[in-house]
Structure formats: structure tokens, C-alpha cells
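Quick mapping for you: the protein sequence lines, in order, are chains S and H.
What the first sequence shows, in numbering that gives the first Met the number 0, is residues 0 to 189, in sequence order.
What the second sequence shows, in numbering that gives the first Met the number 0, is residues 0 to 149, in sequence order.
Check the hints yourself; a few may be wrong.
[Unchecked claim] Below, a list of computed lysine-lysine pairs in the DSSO-like style, where the Cα atoms sit at most 30 Å apart: (1) S/K120 to H/K76; (2) H/K75 to S/K127; (3) H/K75 to S/K120; (4) S/K127 to H/K76; (5) S/K109 to H/K76; (6) S/K109 to S/K79.
If you're looking for bench data, these hints aren't it; they were derived computationally from the structure.
From a predicted model like this one, the values you see are computed outputs, not experimental measurements.
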Amino acid sequence: MITNAESDYSNSPFHQVEMIRRVLGKALGFVGYTIQYGCIAHCAFEYIGEIVVCSGPSMEPTIVNRDVVFSERMTRHLCKIQKGDIVIVKSLFDPNMNVCKRVIGLEGDKVCMSGPSNFFKTHTYVPKGHVWLEGDNLTNSTDSRSYGPVPYALIRGRVCLKLWPPDGFGILSESPTRRIVKDQDDCGSD
Amino acid sequence: MSWTSAMTNLCCSRRCLRRTSLCIRGSDSEQKRHDSVSAPPQCGPGGWQAGSNPEQKIIKRVIGLEGDFIRTLSYKKRHVRIPDGHLWIEGDHHGHSLDSNTFGPVSLALLHGRASHIIWPPGRWQRIRARLPPNRAPLVTHEHHHDDDQ
Numbered sequence: 000m001i002t003n004a005e006s007d008y009s010n011s012p013f014h015q016v017e018m019i020r021r022v023l024g025k026a027l028g029f030v031g032y033t034i035q036y037g038c039i040a041h042c043a044f045e046y047i048g049e050i051v052v053c054s055g056p057s058m059e060p061t062i063v064n065r066d067v068v069f070s071e072r073m074t075r076h077l078c079k080i081q082k083g084d085i086v087i088v089k090s091l092f093d094p095n096m097n098v099c100k101r102v103i104g105l106e107g108d109k110v111c112m113s114g115p116s117n118f119f120k121t122h123t124y125v126p127k128g129h130v131w132l133e134g135d136n137l138t139n140s141t142d143s144r145s146y147g148p149v150p151y152a153l154i155r156g157r158v159c160l161k162l163w164p165p166d167g168f169g170i171l172s173e174s175p176t177r178r179i180v181k182d183q184d185d186c187g188s189d
Numbered sequence: 000m001s002w003t004s005a006m007t008n009l010c011c012s013r014r015c016l017r018r019t020s021l022c023i024r025g026s027d028s029e030q031k032r033h034d035s036v037s038a039p040p041q042c043g044p045g046g047w048q049a050g051s052n053p054e055q056k057i058i059k060r061v062i063g064l065e066g067d068f069i070r071t072l073s074y075k076k077r078h079v080r081i082p083d084g085h086l087w088i089e090g091d092h093h094g095h096s097l098d099s100n101t102f103g104p105v106s107l108a109l110l111h112g113r114a115s116h117i118i119w120p121p122g123r124w125q126r127i128r129a130r131l132p133p134n135r136a137p138l139v140t141h142e143h144h145h146d147d148d149q
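Only chain H is shown next, with the shape it has when bound in the complex:
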């Protein structure tokens, strides 16, 4: 557990995130794609510069996992296959977010944790629900499980 400038309680390691996505929540294959994660801004392989500062952390929603084929919003390529060991992350406020649409896929190694709760202000105390924004589901998912044909 640690505090970040985003004041978000981070409680899940990246390994746990992957496991969460594949095992614990295995019955709902979509869930793992809506986890909010925090990671320093970076650029993926072949990506270009984001306003990156290794000390700064950003918090975004996971849209696609490695191997997924997704439609981008404003990236230089219209469709992207996410490389191995990478994630596609986007902010919930489309168009006003510095996310993978700017700097491309983000390496899993940059991940700090999964945001699970909002704890401040007290009036907004809640669990951060895993949900995918409308029309942002990956076009083709990587898994070959039987539960991804929904």
C-alpha cells in the first residue's frame, strides 16, 4: 500500500492484477479490462514522446491487455495490436486525457498498482468499479478461453 499524488489507495501488485484478471475474475473475462491502474507516463516501442516524468504517476483505466487488437481514438494508427508485456490505458474523460492515445501501449513493468477505492473526499468514498466505457471493448481478444465469446 502506498500513497500517490492521486490520493488513491493502491493495494494490488501488477502480478496480482494479472492473476485477478485471469483467475479470480475468470468467470467474467471483461472485468480485467476496466481496472484502473497507475503508471508513470511513457512511450511504448516505436511510440513517441509523452510529457514524461518518472517521478509523476498517472491513473488510467485498462482498455486492452497484451495481444488484444483495439481501435484507437486519436493515436497515429487507427488499429493497434498490443505488444507482449504491454497494456492499453485510457482516461475516462476522452479527449481530455493524456493516455495511450498519445503515447501508445504502456509496459506492464511500469505499473504501480490497481486503484481499488476512492477514500477522499469522504463524500465520494466508494469502490472503483471495473467497467469498460461504451464502444471501447477490444475488437479481438488474445485469450482462447471459452468465456470470451460474449
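One chain only, chain S, in its complex shape:
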């Protein structure tokens, strides 16, 4: 009986084992690469930065609704957050939500609790390990003026670049509200 050499070869147990081995190797390689790139991506997001889409009116006019910004993590890890920085912070009341605000005061600073229109100004000191956050849009922002100082550990990153829209690309502007606490000696001259 003469059989087709090709089909005979493909049906041989040796060929099947070889094929299974090849498929298995490819699958394992794919899994390995996925894990590798997953680890790299995780470290990048954890230590370098992430891209954030902002929504809501509280940071207008610096950041408007649907702006895309880049937030870097190193400043937070090195504890080098300064007054005037815009930061991404985990919400105090909902751990799955992030908010974007400007740092107005650091620990030990004296900050103004009331809005700019209030006649009576009330002041408070920011406790140790906390920051005072305010939105740039003072009339439409829920921030430290309503819920008090925020723990430093809740800061996720510092916004350093605006990526979208293209005409607004670049570093972010200074605070328009002029509410950033100056150093103690400047305060006396004001």
C-alpha cells in the first residue's frame, strides 16, 4: 500500500508532539513577555509618572475640563512638593477617586480658611504631615477650605506638563489666585 508521504509525516506521533511543544513554547514566551512588560509598566507608573485626564471646573483657568496632563511621581517620593505645585490627590472620602488641586500651604504654614469675598478672615495652621489644597477656581471648588488639611500620604503625583489641548502644551501657569502662603518674613511686609 502506497501512502502519501506528507500526510504520513503529519500524522506521525513525533510530529504532533513537536507541534504541541512549539505551541506551548510560544504561549509560554508570550506569557513571559506579558509579565515582563507588565512589571516595567507598573514600575513606570509607580515611580516615573502617569497621564491623567482632568475633569471638573475646580482648576479653571489653569486646567479646564477634559485637559490631559502628565503627573510625575518622583517629587512625591522624595518629599519635595512645594507651594504652588499642582498635585493629583486621592479623595479623602472616596479612595477610588482622584482630585487635582494646587498646594497652597505646607506643614506649619498659616493659611486663610475663608474665601476671598468673606469679610472676616479666619486663619489656621497646617498640621505636621499635611498640606493645604485649593482649586484655582475659588468660587467653584471643594477643597481644604471645606474639609481641612489633607495628609501628605494621599498625594499621588505632581502635575508637571499639560499634554492636551495642543495649543496649551507646556508647563502650567502660576497660581492666578495669589493665595499661596508666602514665607514668614514676606508676610510681615505685606
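Starting from the known structure of chain S, fit chain H onto it as the hints suggest.
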């Protein structure tokens, strides 16, 4: 999984903790209130300064969840309703622990994990049991499940 200075194996994310408390352990509504968790010290809304250092982690037992009404031990207010997204945490060694009685409710976002086992020293290798210290149960719990009427 990560190591902290407390040398405690942390293996449960905060989301998992909530789920654990509400679903997996749903049959025992009390259990979730005795989980030991670690979080950086902080102050809650309207709270005051704790010796806070964002790099340092503390490990405490969860006494109350959001919405619970609890009796405090040495806080400025005698009774507290825990705000949304917050926990009430206390150390097991009452009176010698820097906990919510000092700095108030702690935000859930500060939570790092649930402590599940003691792994060092080897002689004390054990699971950390979820249990509530005597007389520390919340006065009113937030849930409206049928299993919280015990």
C-alpha cells in the same frame, strides 16, 4: 505583597478589604470590624495633628466603618459618627496607642493593606484573628442587612 517596618505580611488591598467585609464574610457582619490594617498616621476632617510622617506606617485594628456610630475612648468628642470613606482604628493596647482616639477617623485612601499573619518571630507564627475588643462594638452600624441585628 510588601514589607513594612512592622514586619507584617500585607496581602489584601483596601478594595478587597471592603469586599471581604461585605461579601465574603457577609455571614458574620462583625468580622470586618476587627481587621488589622496599616495606614500612615493622619488626621480626619476637622481632626487635629497627629505626629504624622507620610513615610511611616502604623498598624491598628479596625473598630468602625463608614457610617458607624461609635463611642470613643479619649477623643475630644464622646461619640463619633464615622464620615464617608473613613475608618475608626485603634490599637489593641488601649491607652498606649496612637490611634483614632488621638487623630480621629482615617481616610480609606490611606489604607495600605490588611495584616493577615504574624511571620516573625517563628515562635509566634499565626494568623491574625479578626476580633473586636470587649465593649468596643459600634453603637449603631451603617448596614441595613438583616445580619447586623446581633
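We went through each hint and held it up to the structure:
1. For the hint pairing S/K120 with H/K76, the CA-to-CA distance comes to about 26 Å; that is within 30 Å, so the pair holds.
2. Proposed proximity of H/K75 and S/K127 is supported: the alpha carbons are some 19 Å apart, at most 30 Å.
3. As the CA atoms of H/K75 and S/K120 are separated by approximately 25 Å, the hinted pair is consistent with the 30 Å bound.
4. Restraint check for S/K127 and H/K76: the C-alpha separation of about 22 Å stays at or below 30 Å, so the hint holds.
5. Distance hint between S/K109 and H/K76 is fulfilled; the C-alpha atoms sit about 25 Å from each other, no more than 30 Å.
6. A C-alpha spacing of about 19 Å is found between S/K109 and S/K79, which places the hinted pair at or below 30 Å, so the restraint holds.
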